[in-house]
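**Student:** If you want the building blocks of each chain, they are given just below.
Protein chains: 2
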Amino acid sequence: MVKGSQSFIFDSQPVIIASATVGGPLEAEGPLSEDIDILHDDPYMGQDSFEKAEKLMIEEAAMKALEKAGVDKDEVGVFISGDLINQIIASSFAARTLGIPYLGIYGACSSSMEGLAIAASLVDGQKVKYVLTGASSHNNSAEKQYRYPNEYGAQKPPTSQWTVTGAGVCLLTFQGKGPRVIGATLGRIVDMGITDPFNMGAAMAPAAVDTIKAHFRDFGIGSDYYDLIVTGDLGAVGHKIALDKFKENGISINEKAFLDCGMMIYDRERQPQVFAGGSGCASSAVTIYGHLLNEMRKGKIKRLLAVATGALHSPLSYQQKESIPCIAHAVAIEM
Amino acid sequence: MVKGSQSFIFDSQPVIIASATVGGPLEAEGPLSEDIDILHDDPYMGQDSFEKAEKLMIEEAAMKALEKAGVDKDEVGVFISGDLINQIIASSFAARTLGIPYLGIYGACSSSMEGLAIAASLVDGQKVKYVLTGASSHNNSAEKQYRYPNEYGAQKPPTSQWTVTGAGVCLLTFQGKGPRVIGATLGRIVDMGITDPFNMGAAMAPAAVDTIKAHFRDFGIGSDYYDLIVTGDLGAVGHKIALDKFKENGISINEKAFLDCGMMIYDRERQPQVFAGGSGCASSAVTIYGHLLNEMRKGKIKRLLAVATGALHSPLSYQQKESIPCIAHAVAIEM
Numbered sequence: 001m002v003k004g005s006q007s008f009i010f011d012s013q014p015v016i017i018a019s020a021t022v023g024g025p026l027e028a029e030g031p032l033s034e035d036i037d038i039l040h041d042d043p044y045m046g047q048d049s050f051e052k053a054e055k056l057m058i059e060e061a062a063m064k065a066l067e068k069a070g071v072d073k074d075e076v077g078v079f080i081s082g083d084l085i086n087q088i089i090a091s092s093f094a095a096r097t098l099g100i101p102y103l104g105i106y107g108a109c110s111s112s113m114e115g116l117a118i119a120a121s122l123v124d125g126q127k128v129k130y131v132l133t134g135a136s137s138h139n140n141s142a143e144k145q146y147r148y149p150n151e152y153g154a155q156k157p158p159t160s161q162w163t164v165t166g167a168g169v170c171l172l173t174f175q176g177k178g179p180r181v182i183g184a185t186l187g188r189i190v191d192m193g194i195t196d197p198f199n200m201g202a203a204m205a206p207a208a209v210d211t212i213k214a215h216f217r218d219f220g221i222g223s224d225y226y227d228l229i230v231t232g233d234l235g236a237v238g239h240k241i242a243l244d245k246f247k248e249n250g251i252s253i254n255e256k257a258f259l260d261c262g263m264m265i266y267d268r269e270r271q272p273q274v275f276a277g278g279s280g281c282a283s284s285a286v287t288i289y290g291h292l293l294n295e296m297r298k299g300k301i302k303r304l305l306a307v308a309t310g311a312l313h314s315p316l317s318y319q320q321k322e323s324i325p326c327i328a329h330a331v332a333i334e335m
Numbered sequence: 001m002v003k004g005s006q007s008f009i010f011d012s013q014p015v016i017i018a019s020a021t022v023g024g025p026l027e028a029e030g031p032l033s034e035d036i037d038i039l040h041d042d043p044y045m046g047q048d049s050f051e052k053a054e055k056l057m058i059e060e061a062a063m064k065a066l067e068k069a070g071v072d073k074d075e076v077g078v079f080i081s082g083d084l085i086n087q088i089i090a091s092s093f094a095a096r097t098l099g100i101p102y103l104g105i106y107g108a109c110s111s112s113m114e115g116l117a118i119a120a121s122l123v124d125g126q127k128v129k130y131v132l133t134g135a136s137s138h139n140n141s142a143e144k145q146y147r148y149p150n151e152y153g154a155q156k157p158p159t160s161q162w163t164v165t166g167a168g169v170c171l172l173t174f175q176g177k178g179p180r181v182i183g184a185t186l187g188r189i190v191d192m193g194i195t196d197p198f199n200m201g202a203a204m205a206p207a208a209v210d211t212i213k214a215h216f217r218d219f220g221i222g223s224d225y226y227d228l229i230v231t232g233d234l235g236a237v238g239h240k241i242a243l244d245k246f247k248e249n250g251i252s253i254n255e256k257a258f259l260d261c262g263m264m265i266y267d268r269e270r271q272p273q274v275f276a277g278g279s280g281c282a283s284s285a286v287t288i289y290g291h292l293l294n295e296m297r298k299g300k301i302k303r304l305l306a307v308a309t310g311a312l313h314s315p316l317s318y319q320q321k322e323s324i325p326c327i328a329h330a331v332a333i334e335m
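Note that the protein sequences, when read in sequence, are chains A and B. Heads up, the first sequence is in the working numbering, so the first residue is 1 and it goes up one at a time. Heads up, the second sequence is in the working numbering, so the first residue is 1 and it goes up one at a time.
No wet-lab data here; the hints were simulated from the structure. Any given hint might turn out to be false.
Here's a subset of chain A near chain B, in silico, CB distances under 8 Å, partners left out [stated by the list, open to error]:
#	residue
1	V78
2	Y102
3	A154
Backbone N, C-alpha and C fix where the C-beta goes; we use that ideal spot for every residue, glycine too.
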């Protein structure tokens, strides 16, 4: 813990003993659908609003993770969750259903790894035996709040991304089998002056690079240490910008081992409506807590650096002509 | 850490080496003004929106706390903050100015103690040397978002409360002089079915009682252990309900040592516009990080249980006919 360090080491290496994911109709047609535990074919999911559907997804993912681990919800000391809806009502109302002591967080699409970093700190510090942490987003609830309701049929530019409908939750504890949380690097705000809410990838890419650079510095490692470094939702536009920024900064990155959840969760050829790729808290939560942890459990990935990227603006800050402050939190997970 | 426990103990007893508060015009006229470091006589505070004024208050409180401690902001490992504005833009934009690694939280008016509990966990776990944590609210930014813009001049019922304009921040570290953070009890959601956003005190009182009850159970103590138990923003209506609930539950409470920040920060006789009292994240943040910590430093209070209460609804959840889920987080501070 050197001055200027942005990183923590979790000496006890908390274990992700279970994780679970939920997705919507477009995610069901995407390339990662086999790693999504519960798939819904209707965006309302039997609820009377999109916000209530989003809440349901968090509840389902949480209960599924507990079921997989064989842990009762009364044994869980803390539930940490965040989402994009004003006042994170999807998370808070899910916390009401679950009845677990609750910490609400807001890191926009970086919420998944913000939650995992806090969760691992609590387990590592022997504060609680079990922590559930997750994040969600819903295409319809996010689009109507941040841009236009989908029903308006507004045209989008090719830099725009598709908010993922889904939720991902994981359950951490002291010991057991599963991927272990080794360390975390918390992000600082990086704001390059971008104001276009249809080009979030470009806004967030510098934050991802800033955090990855800090991670390498704090841990004294390079990109070759990891089998995979994955960003949360830069999409194709932001991904390319991030690669360019690494070059500018003289940081060597293995391009084949640097991927983006927003590009993995959809097939942009078959699903052209996603334009530059997926975004939203669920982009990283579903891809990491579903597909990538499964790959780790199968032994295909041993060392993963999960970097969730968030755009911390709001419709109001946009109206007030503010640029988009961005952040990225990185969590190192090893099998 | 027994099954069912909602509490943590901080063995190393992190120290609040400095704290600072900022207030607006009504807070300047209130009984705690001498404990507020920076007072503004204009709600715009020289900014061009109320949201930017709120951001300014967090920045001022953070910088003032650092100045008091003689700590440079580059030495601070994490900044934790929350507020009421959609997507907590006051906190996130302040984090952009401060340039400190940032964790955004959302616990509505419970954010102050949610932040302090997380901050103390990080310091206790030796994750960071210095953590800054705070919360803010602004009357004009909150009223326009949750109820009506003040300029509409809408009538309010006597159960309504006045959102405090202010920010409070404290700086935690391993050692030094000052109040020490002993333990925390995280709240579960309690929802008694109240739907009236003009009666938040009544909605939140059961959550405060639930958390205080859990705190007594987990630590094996009673209300006589503390010189003062203070809630965040129950106001006069919620305070009375909480006292009734303690009686119903057979929990003995020393009424003279059970106060509410929302009733302390204003003089309801001289400032009748506040109706049942103050509310908002700043109600607890300003009262605790200002007046109460000063009382501890003077030796007037030795053991304080600070219970910040939050209503986790949103204008949208209200429109969708949902009731108000409430939460309270308690932090034990000793001198």
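**Student:** Indicate, hint by hint, whether the structure satisfies it.
**Tutor:** Results of checking the hints against the structure:
Because the closest C-beta pair between V78(A) and chain B is about 6 Å apart, less than 8 Å, the hint holds. For Y102(A), the interface hint holds, the least distance from its beta-carbon to any beta-carbon of chain B being 6 Å, beneath 8 Å. Annotation: interface hint on A154(A) violated; nearest CB of chain B at approximately 21 Å, more than 8 Å.
Checked against the numbered hints above, the structure breaks only hint 3 and satisfies the rest.
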